[in-house]
Amino acid sequence: MQLFLDRGADRLSVGVTPAADPDAPFFVVFPAMGVPARYYSQLVTRLTADGCGVAVADLRGTGESGPKATRAARYAMTDLADDVGAVLAATAELRAGRRTFLLGHSLGGHASVIHLARSAPENPVDGLILIASGLPLWRLFGARSLGVLTFAEGIRAVSALLGHWPGWGFGGRQSRGVIQDWAHTARRGEFAPRLGVADRLGDITVPVLAISVDTDQYTPPPTIDLLVGKLTGAKVTRVHVTEDEAGAPLDHFRWARTPGAIVDRVTAWLPVAAPADLS
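So the mapping is simple: this note's numbering equals the position in the sequence shown, first residue as 1, plus 55.
The set of hints was computed from the structure by calculation and includes no laboratory data. On a predicted model such as this, the values are computed, not experimentally measured, just so you know. Note that CB positions come from ideal geometry on N, CA and C, so glycine has one too. Accuracy of the hints is not assured; some may be wrong.
[To be verified] Label pairs and their computed distance ranges (CB to CB): (1) 330 <-> 147: 17 to 23 angstroms; (2) 75 <-> 125: 39 to 45 angstroms; (3) 322 <-> 288: 42 to 48 angstroms; (4) 57 <-> 201: 28 to 34 angstroms; (5) 96 <-> 61: 24 to 30 angstroms.
[As the list claims (entries may be wrong)] For lysine to aspartate or glutamate, the following EDC-like pairs were computed, each having C-alpha atoms within a straight-line distance of at most 16 angstroms: (6) 123 <-> 208; (7) 285 <-> 319; (8) 285 <-> 306; (9) 285 <-> 245.
Start from the sequences, fold in the hints, and give me the full structure.
Written out as structure tokens, the structure is:
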């Protein structure tokens, strides 16, 4: 099932597989920057094999969502966070009576966190799963730190000059606003002040599962620790998945090709995230 949501000048594409098991949860997935929803097909297959419902949204300008970013694109991270709410609203009937979990990969995790912070103290979902999603502060990259800072400043400057990021070797084609907000996290280790969530991250109270993976070139474990350390009101479960556990090579993207170990960790965590009267 394919849903299309009008978002001003943009249109979101959301692929939906309804739940087959009446007692199974529903996962709403938001991808990494520049990664199309179809890339997560193996993750969807594993989750739906257990009877779960899954919706995967293409971020603005990516995959089946359009149009592609140009100088005319005005959206930024605030809009991506609002899109999380729009997808939840569009799938509300399919999710009725089911526990719902946001699953955000990298930038999709940022959008999910910002949405939850802005909607707190209401809890629009039952839990948040972050995969390879952290605040990529340049100082946390060890020997590559200065290179990361230079790179972040470089793509920020290019996006300012051209009015958008053309996707030269990183992140796909993106609006200037998204790149400016991402670059701020790399420079300062925090979400951009214009997002208005710096003092609200602690208001997120839903359970959080934060997963890092081996050989992650963009989100090493310390960057994830930095993000979840700000979620002071949430019960955070922090795990790391190794290549030995996965039985396959891993990095920031390749985990989605062989997501079995990730899904196993999610499945093991679900009882932890259950309400007291269900546990």
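Hints and how they fare:
1. Distance hint check for residue 330 and residue 147: the Cβ-Cβ separation is about 19 angstroms, which falls inside the suggested range of 17 to 23 angstroms.
2. The hinted range of 39 to 45 angstroms is satisfied by residue 75 and residue 125, whose Cβ atoms lie roughly 41 angstroms apart.
3. Remark: the range hint 42 to 48 angstroms for residue 322 to residue 288 is contradicted by a beta-carbon distance near 25 angstroms.
4. In this structure the hint that residue 57 and residue 201 lie 28 to 34 angstroms apart at CB is violated, the actual value being about 44 angstroms.
5. Residue 96 and residue 61 have their C-beta atoms about 25 angstroms apart, which keeps the hinted 24 to 30 angstroms range intact.
6. Distance restraint check for residue 123 and residue 208: the Cα-Cα separation of roughly 23 angstroms exceeds the 16 angstroms cut-off, and the hinted pair is therefore not satisfied.
7. Between the alpha carbons of residue 285 and residue 319 the distance comes to roughly 26 angstroms, so the proposed pair goes past 16 angstroms and is violated.
8. For the given pair, residue 285 sits about 24 angstroms from residue 306 by alpha-carbon distance, which is inconsistent with the 16 angstroms threshold.
9. Restraint check: the Cα-Cα separation between residue 285 and residue 245 comes to about 9 angstroms, which is no more than 16 angstroms; the hinted pair holds.
Comparing the model with each earlier hint shows violations of hints 3, 4, 6, 7 and 8; every other hint is respected.
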